[in-house]
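With the hints as extra help, turn the sequences into a complete structure.
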Amino acid sequence: MATEVSRPSSRRAPRQQIGLIEWLRKNLFSTWYNVIITLVLLYVIFQAVTSFVSWMITAPGWPAAFTNIKLLLTWTYPVEHLWRPQAVTGLVFLLLGLSSGVWGGIVRMVTFGAAAISAGLGVVAFTFPDLPGQTSLPGWLFLFLCAGLLIGSDQLALRLRDRIRWPLIIAWLLSYPAAIVILRGGFGLPVVETKLWGGLMLTLLLAISGIVLSFPLGVLLALGRRSTLPVIRMFCVLYIELIRGVPLVTVLFMGALLLPLFLPGGESIDALVRAIVAITLFSAAYLAENVRGGLQSIPKGQIEAARALGLNVFQTTLLITLPQALRAVVPVLVGQFIALFKDTSLVVIIGLVDLLGAAQNIVGQPQWLGTPGGVWRETFLVIAAIYWVFSFTMSRISKRIEDQIARSRH
Amino acid sequence: MSGNGSNDYIIICENVNKWYGDFHALKDVSLRVKRGEVVVICGPSGSGKSTFIRTINRLEEHQEGRIIVDGIEMTNDIRNIDAIRREVGMVFQQFNLFPHLTVMQNITLAPIWVRKKTRKESEAKALELLERVGIKEQAHKYPGQLSGGQQQRVAIARALAMEPRIMLFDEPTSALDPEMVKEVLDVMKTLARSGMTMLCVTHEMGFAREVADRIVFMDQGQIVEEGTPDQFFSNPRNERTRLFLSQIL
Numbered sequence: 001m002a003t004e005v006s007r008p009s010s011r012r013a014p015r016q017q018i019g020l021i022e023w024l025r026k027n028l029f030s031t032w033y034n035v036i037i038t039l040v041l042l043y044v045i046f047q048a049v050t051s052f053v054s055w056m057i058t059a060p061g062w063p064a065a066f067t068n069i070k071l072l073l074t075w076t077y078p079v080e081h082l083w084r085p086q087a088v089t090g091l092v093f094l095l096l097g098l099s100s101g102v103w104g105g106i107v108r109m110v111t112f113g114a115a116a117i118s119a120g121l122g123v124v125a126f127t128f129p130d131l132p133g134q135t136s137l138p139g140w141l142f143l144f145l146c147a148g149l150l151i152g153s154d155q156l157a158l159r160l161r162d163r164i165r166w167p168l169i170i171a172w173l174l175s176y177p178a179a180i181v182i183l184r185g186g187f188g189l190p191v192v193e194t195k196l197w198g199g200l201m202l203t204l205l206l207a208i209s210g211i212v213l214s215f216p217l218g219v220l221l222a223l224g225r226r227s228t229l230p231v232i233r234m235f236c237v238l239y240i241e242l243i244r245g246v247p248l249v250t251v252l253f254m255g256a257l258l259l260p261l262f263l264p265g266g267e268s269i270d271a272l273v274r275a276i277v278a279i280t281l282f283s284a285a286y287l288a289e290n291v292r293g294g295l296q297s298i299p300k301g302q303i304e305a306a307r308a309l310g311l312n313v314f315q316t317t318l319l320i321t322l323p324q325a326l327r328a329v330v331p332v333l334v335g336q337f338i339a340l341f342k343d344t345s346l347v348v349i350i351g352l353v354d355l356l357g358a359a360q361n362i363v364g365q366p367q368w369l370g371t372p373g374g375v376w377r378e379t380f381l382v383i384a385a386i387y388w389v390f391s392f393t394m395s396r397i398s399k400r401i402e403d404q405i406a407r408s409r410h
Numbered sequence: 001m002s003g004n005g006s007n008d009y010i011i012i013c014e015n016v017n018k019w020y021g022d023f024h025a026l027k028d029v030s031l032r033v034k035r036g037e038v039v040v041i042c043g044p045s046g047s048g049k050s051t052f053i054r055t056i057n058r059l060e061e062h063q064e065g066r067i068i069v070d071g072i073e074m075t076n077d078i079r080n081i082d083a084i085r086r087e088v089g090m091v092f093q094q095f096n097l098f099p100h101l102t103v104m105q106n107i108t109l110a111p112i113w114v115r116k117k118t119r120k121e122s123e124a125k126a127l128e129l130l131e132r133v134g135i136k137e138q139a140h141k142y143p144g145q146l147s148g149g150q151q152q153r154v155a156i157a158r159a160l161a162m163e164p165r166i167m168l169f170d171e172p173t174s175a176l177d178p179e180m181v182k183e184v185l186d187v188m189k190t191l192a193r194s195g196m197t198m199l200c201v202t203h204e205m206g207f208a209r210e211v212a213d214r215i216v217f218m219d220q221g222q223i224v225e226e227g228t229p230d231q232f233f234s235n236p237r238n239e240r241t242r243l244f245l246s247q248i249l
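For the protein sequence lines, the chains are A and B, in the order given. Mapping the first sequence onto my numbering, position 382 (from 1) lands on 382, and the numbers just tick up by one. Mapping the second sequence onto my numbering, position 75 (from 1) lands on 75, and the numbers just tick up by one.
If you're looking for bench data, these hints aren't it; they were derived computationally from the structure. In this text, all values refer to a predicted model and were calculated from it rather than measured experimentally. Yeah, the Cβ is synthetic: ideal placement off N, Cα and C, and Gly gets one too. It cannot be assumed that every hint is accurate.
[Unchecked claim] Simulated pairs of lysine-lysine, BS3-like, Cα-Cα distance not exceeding 25 Å:
| no. | chain 1 | residue 1 | chain 2 | residue 2 |
| --- | --- | --- | --- | --- |
| 1 | A | K70 | A | K399 |
| 2 | A | K300 | B | K141 |
| 3 | B | K141 | B | K182 |
| 4 | B | K117 | A | K399 |
| 5 | A | K195 | A | K300 |
| 6 | B | K141 | B | K117 |
[Unchecked claim] Label pairs and their calculated CB-CB ranges:
| no. | chain 1 | residue 1 | chain 2 | residue 2 | range |
| --- | --- | --- | --- | --- | --- |
| 7 | B | E131 | A | F112 | 30 to 36 Å |
| 8 | B | S147 | A | P299 | 16 to 22 Å |
| 9 | B | R193 | A | P167 | 41 to 47 Å |
| 10 | B | K189 | A | T3 | 32 to 38 Å |
| 11 | A | L220 | B | A83 | 43 to 49 Å |
Structure below.
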């Protein structure tokens, strides 16, 4: 006969928290040699930080980056047309703010981050009003307007919500060609040739084009590599393995130097377009392999269940396998996009002047020859900070998407 | 048993053969199932029972023999296969719910995309089905948030949403914790009594005894014995069947 066992009621887990002093003693000062290691490391860190900070304060080269801010942002884009990149920024911020109101979450995080940075830079620009390269619209005013636009459109969209969901998606799709037209001209606007473009504007344009164009291409290649049709599969394998076998520099050179020889009228293809094509083709091959990894992680039962319900091959891929595969590889994909963003700096070798190229040019300007030690440390620190802000933003977006997916799992 | 025209039979399998490489997985399997009949297929593991019911909706391809489902002959023509799949619902051992979709989306997906029904109509139908399987309140959760038994009931609702004429069950309770087996079997029993044609691969002999019209015993890729539950349990003719029953009862 079974006997009833006494049943203890649930209790709180025992406290694991310990005080700061206790933590220090336990982790950093537990034995005599740990004490020595801790003290030595503390001294090294202290020395490094203080000397870096004191260098930051006394470094003579900061004016190089700040007086050339126009070159860093837009390179030789004509001053009288600078309203165009400003208009594109405004357009993107308007759409971003509206999306933030409609979708919230990650988009809102990015929107408020962008607004905070704009406002912060606005204060700086207002404090130093005599920076060169000012347009008719003063830099500080433009930055404040940007911050206002972001927050304002967010608030506006909060009220409209569902009514602007689809128009907004279409507006995003149209924003890319619209931005190109605004920047380049045509349709009545005077043309600003792409060889005048450069700086951060070019870097962002290359990165966004590369990401937006290589994504669908990469997904198609990944699906093609798993196709049951031998011709398609062979072509995809060949393409992917060929591209992955050569460095990006090579692909850029091929785009810049060989493409014009093969294509009819190739000489007239814009150098910027060639660079975008090269980056897209390169990135797509890597993307395809990452997406394929995701596709392979989907259990066979998922496809069987979809087919048993009567979904055809196309519907099964679009609705069942691809969404799951892409979710599985979000961190990898974002990692690849961050790499792509930084790899765009390689276009310097085919004669385009991106953010890095602009910095290199500024460092070589004759007026800094007299500066002791040159100005390259300060200038490169500034552009490193700019690269970091964008890369870090992408990394946070990835983290948020992962968290959201994890939350829907249990 | 009057009229033996093939119209009485919703599933007709004649001398179905299948090989995996050199392994002969199904050997001349012939089975006829009438409308509304509940057939339980049992047998030791590796006997080909799962393979057999998976040939009925072409998740496995057979190499010889004929399969005719609801008057449609299974050929290599993808349109025939899709037509059959629309009429045949299937429930899997591992549930195979779509983890990135909510319960509601899991159920409405096929009606919307395959039957081209409206979202509103499909959702109303889904709620009705969820009520029938007793988990209406879970409609907006993700499969990962449900217990195994609840997931399998969602899988049954998902298959039923396509309004199939035939339901195939491939060991629907084998992956469940013992306490959850009953809730799934109860749903299956209700379904059987409602007149649905069902083919179930299962080891649940209690279920077989209670609702099956016929029990088919398979061993080594062949149908060894078939009969009513009474004949099967009290008077098995084949030696292999007797051995099997002595081990699981």
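* Hint numbers the structure violates, sorted upward? -> Result: hints 1, 4, 5, 7, 9, 11 break, sorted rising.
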